[in-house]
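A.B. asks: Sequence:
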Amino acid sequence: MKKLATLVAVFALALALAPIAVFAQAQQDTVEQSGIQIQNLSTETANVSIRFVPGQGATGSEVTQNITVPGSGSRTLISFGAAGDPNTFLAPAGFNGSVVVEADQPILALANLTNSNFSITEGYPGFRQGANRVLVPLVLRNNPVAGGNASTAITVQNTGTTPLNGTVTYVPGAAGSAGQTDTFTGLTAGQSITFKQSSKTSLGDLFVGSATVEANGPVAVAVTQEGASQLTSYAGFTGGAPTIALPLVVSGNTNNNNFTGLQVQNAGTEATDVTFSFTNNQATAANFGREPCGTNGVMTNRTVSVAPGASFTLLTFGATAGDVPGPGQGLDGQFFNCLYVGGATVTSSNAQPLVAIVNQASLAGTRSVSAYEGFTSTEATNDTRAPLISAGNFGFLTGVQVQNTAASGTTNFTITYSPNTATSNACGGAGGAMEARTFPLAAGAAVTLLQLGIGGTFDPASPAFDPQFTSCTYVGSASVTGATGSTVVAIINQSNIGAFATVDNLTTYNGFNQ
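When the letters of the sequence shown are read in order and numbered with my numbering, they come out as residues 2 to 515.
One or more hints might be untrue.
[Said to hold, decoys possible] Straight-line Cα separation of at most 20 Å, SDA-like style, residue types lysine to any residue; simulated pairs:
no. : residue 1 : residue 2
1   : Lys201    : Pro219
2   : Lys201    : Ala229
3   : Lys201    : Gly180
4   : Lys201    : Gly218
5   : Lys201    : Gly161
6   : Lys201    : Ala179
7   : Lys201    : Gln57
8   : Lys201    : Thr239
9   : Lys201    : Ala176
10  : Lys201    : Asp274
11  : Lys201    : Thr213
12  : Lys201    : Gly58
13  : Lys201    : Asn217
14  : Lys201    : Thr163
15  : Lys201    : Gly262
16  : Lys201    : Ser178
17  : Lys201    : Gly149
18  : Lys201    : Thr186
19  : Lys201    : Gln181
20  : Lys201    : Ala190
21  : Lys201    : Gly240
In case anyone wonders, no lab produced these hints; they're calculated from the structure.
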């Protein structure tokens, strides 16, 4: 029996077709290249079929590519490889549409997007199933960012077996016109359609808000945000929960003064007070010219009111130390000119379902930005998987941010790496074997595991750097596991500290809980 993993993507594999010509406008960059990472969760070889389905209104025919993925291993396919290479997409040049991945073993899939010179990058997780209602917490039109404006595009894919119709309903938050919708009809099985907010003038000159996608059959939704030579993307939500885990929240981090934006949407039918509870600060010493935030690492919780269907953005920086998030104002002064690395939990006061995303950005220097999806309280398990992990891969490396979502106690978690698929200057022992690492994590706390070594020995109490990744190359996958009954979630950042360090080289995706 085949296990289905659906990917939604705006893929333009070389020359962009007319349906995405808007990306050539000055406000937006062009997504022209892409990659798919597939992780095999079983110990048996997986036979995988990848269907490239042209989007609604696009030309061309559906193409299927068949590959195998070794047991407990992973495989990466790219659009920009050499012709005839088994790891190059079979989709024709100019393809614009979506992808459906199927296999005879349980798999996970991840999509990465970039442009022709790899100066913008982002990734998002594949979808195991769709829903008739999908929530989109952050929608933008002409939103000012450093160096220009940014807008979103919402891509909807039919994950069912029959044609369907649906609507996209927009809800303004900080700015924009109310009562705006988009509609789609006759979307066939596996097919996708993209709505670009940059061209929807009825939203207003500036729109910052959220949206809900509804259809008469199951759909999956991916959102891209482009502008000022930056790219982020995230997956729409098929449901919410009263408590959301956000494994990585930062302020004043790195020389570029990185910060996060926490966007929360009320998916319920009643107004609710939303509380942002921050973990203790992992940063305990001054760095990057900034002192640690908080009092002895303890941060102040923030509470705001959010109407049904609406959203609120809390920013982890402040114009002054006295800034307090509230109506129309998301700056948080407790992060003013200081250093914070941690996580957060977002909670509804009256059990209304919430969904949330986190944007990572910088206030100076590099243009790197990315986004990830918050985890509902029901998603956390004792086992989460990461299809793409790397070290020293043309300058790229990953960082796994792990959060223990338990209410009390300390748990030992283990990160286990698949055999290394890199063959040049490869990390690891015979057959690419890597060492698993075990580390303790208190309830509610979060910790960073970098696939970067600086020599020495591995320290479970301070696991950020791992000497087995010192000055070598690793490409593979990983799992993070704890004892039965424990609960953990993770997000994975991938960035480049080499030749591409001054462009938008940051991508982020969610770990897949099993």
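A.B. asks: Each hint should be assessed against the structure and marked as holding or not.
C.D. replies: Status of each hint after checking the structure:
no., hint, verdict
1, Lys201 - Pro219, "25 Å, violated"
2, Lys201 - Ala229, "19 Å, holds"
3, Lys201 - Gly180, "13 Å, holds"
4, Lys201 - Gly218, "25 Å, violated"
5, Lys201 - Gly161, "28 Å, violated"
6, Lys201 - Ala179, "13 Å, holds"
7, Lys201 - Gln57, "18 Å, holds"
8, Lys201 - Thr239, "25 Å, violated"
9, Lys201 - Ala176, "14 Å, holds"
10, Lys201 - Asp274, "32 Å, violated"
11, Lys201 - Thr213, "16 Å, holds"
12, Lys201 - Gly58, "18 Å, holds"
13, Lys201 - Asn217, "24 Å, violated"
14, Lys201 - Thr163, "28 Å, violated"
15, Lys201 - Gly262, "24 Å, violated"
16, Lys201 - Ser178, "11 Å, holds"
17, Lys201 - Gly149, "18 Å, holds"
18, Lys201 - Thr186, "18 Å, holds"
19, Lys201 - Gln181, "9 Å, holds"
20, Lys201 - Ala190, "26 Å, violated"
21, Lys201 - Gly240, "27 Å, violated"
Hints 1, 4, 5, 8, 10, 13, 14, 15, 20, 21, counting from the list given before, are not met by this structure.
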